[in-house]
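In order, the protein sequences belong to chains A and B. Numbering of the first sequence is given in this note's numbering, commencing with residue 38 and proceeding in unit increments. Numbering of the second sequence is given in this note's numbering, commencing with residue 338 and proceeding in unit increments.
Among the clues, some could well be false.
Said to hold, decoys possible - So the derived label-pair ranges between C-beta atoms look like this:
#, chain 1, residue 1, chain 2, residue 2, range
1, A, L132, B, V391, 19 to 27 Å
2, A, P98, B, A431, 18 to 26 Å
3, B, R388, A, V151, 38 to 46 Å
4, A, G121, B, R388, 18 to 26 Å
5, A, P98, B, R398, 24 to 32 Å
6, A, G65, B, P419, 22 to 30 Å
7, B, P419, A, A75, 24 to 32 Å
8, A, L119, B, R445, 21 to 29 Å
Said to hold, decoys possible - Partial list, derived from the structure: chain A residues whose beta carbon lies under 10 Å from chain B:
#, residue
9, S64
10, G65
11, S70
12, Y72
13, Q93
14, H104
15, P107
16, F141
17, G143
18, R147
These are calculated hints, taken from the structure and not from any lab test. Here the structure is a predicted model, which means the values were calculated and not measured. For glycine and all other residues, C-beta sits at the position ideal for the given N, C-alpha and C.
Next come the chains, spelled out residue by residue.
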Amino acid sequence: DAGVTQSPTHLIKTRGQQVTLRCSPKSGHDTVSWYQQALGQGPQFIFQYYEEEERQRGNFPDRFSGHQFPNYSSELNVNALLLGDSALYLCASSLRTGLNTEAFFGQGTRLTVV
Amino acid sequence: QQQVKQSPQSLIVQKGGISIINCAYENTAFDYFPWYQQFPGKGPALLIAIRPDVSEKKEGRFTISFNKSAKQFSLHIMDSQPGDSATYFCAASAAYNTDKLIFGTGTRLQVFP
Numbered sequence: 038d039a040g041v042t043q044s045p046t047h048l049i050k051t052r053g054q055q056v057t058l059r060c061s062p063k064s065g066h067d068t069v070s071w072y073q074q075a076l077g078q079g080p081q082f083i084f085q086y087y088e089e090e091e092r093q094r095g096n097f098p099d100r101f102s103g104h105q106f107p108n109y110s111s112e113l114n115v116n117a118l119l120l121g122d123s124a125l126y127l128c129a130s131s132l133r134t135g136l137n138t139e140a141f142f143g144q145g146t147r148l149t150v151v
Numbered sequence: 338q339q340q341v342k343q344s345p346q347s348l349i350v351q352k353g354g355i356s357i358i359n360c361a362y363e364n365t366a367f368d369y370f371p372w373y374q375q376f377p378g379k380g381p382a383l384l385i386a387i388r389p390d391v392s393e394k395k396e397g398r399f400t401i402s403f404n405k406s407a408k409q410f411s412l413h414i415m416d417s418q419p420g421d422s423a424t425y426f427c428a429a430s431a432a433y434n435t436d437k438l439i440f441g442t443g444t445r446l447q448v449f450p
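Looking at chain A on its own, in the form it has when it is part of the complex:
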């Protein structure tokens, strides 16, 4: 089992550009959540996808959008990048059972906006 895989590992973008980050969930998982982790901070919830729909959203602007594919993999898109978007972006997958279940995190994508 490969666990949660994210790509790319590192990314450098210029302010104003757009970026797409990718996530493949752990085998058997159907729910993908995205988190932003600024340096020295805890992860902050961006949004969650289940059955190809955005189910929950944290306090992030519309510049942050996502998608989930039929194979449960997911993309995070960020438009009009700001310097403050520089962070580690984490994908977590879980199996929706109606109860809180263990979320498995990927290694993250380090995004640097210059």
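Since the structure of chain A is provided, determine the placement of chain B on it from the hints.
Just chain B now, with coordinates in the frame of chain A:
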């Protein structure tokens, strides 16, 4: 009300000692409290988790103590080892909001030989 407050920010412990990290929450709807360990350049990995129907849970050298009335929970690492040096995050979520984890700010643990 969605916050989880974590302390201390950093912790230095001698090898073999006990490391204690504390967290407090306000939202009484939270009913799942995991602890994550994160090494530099890696994603968080689940260490241990507890639900409010028990006051303590132990897995190996790691123990969660939970005080529902005080809305506090803590992680105890017994016989701390240099390999435990990492950043630890407490988190919380509610059954009505499954899988949305609210994280604390993290504790950087350094265990010296």
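Status of the hints after comparison with the structure:
no. : hint                        : verdict
1   : A/L132 x B/V391: 19 to 27 Å : holds, 23 Å
2   : A/P98 x B/A431: 18 to 26 Å  : holds, 24 Å
3   : B/R388 x A/V151: 38 to 46 Å : holds, 44 Å
4   : A/G121 x B/R388: 18 to 26 Å : violated, 36 Å
5   : A/P98 x B/R398: 24 to 32 Å  : violated, 42 Å
6   : A/G65 x B/P419: 22 to 30 Å  : violated, 35 Å
7   : B/P419 x A/A75: 24 to 32 Å  : holds, 27 Å
8   : A/L119 x B/R445: 21 to 29 Å : holds, 27 Å
9   : S64                         : violated, 17 Å
10  : G65                         : violated, 15 Å
11  : S70                         : holds, 6 Å
12  : Y72                         : holds, 8 Å
13  : Q93                         : holds, 5 Å
14  : H104                        : violated, 18 Å
15  : P107                        : violated, 20 Å
16  : F141                        : holds, 7 Å
17  : G143                        : holds, 5 Å
18  : R147                        : holds, 8 Å
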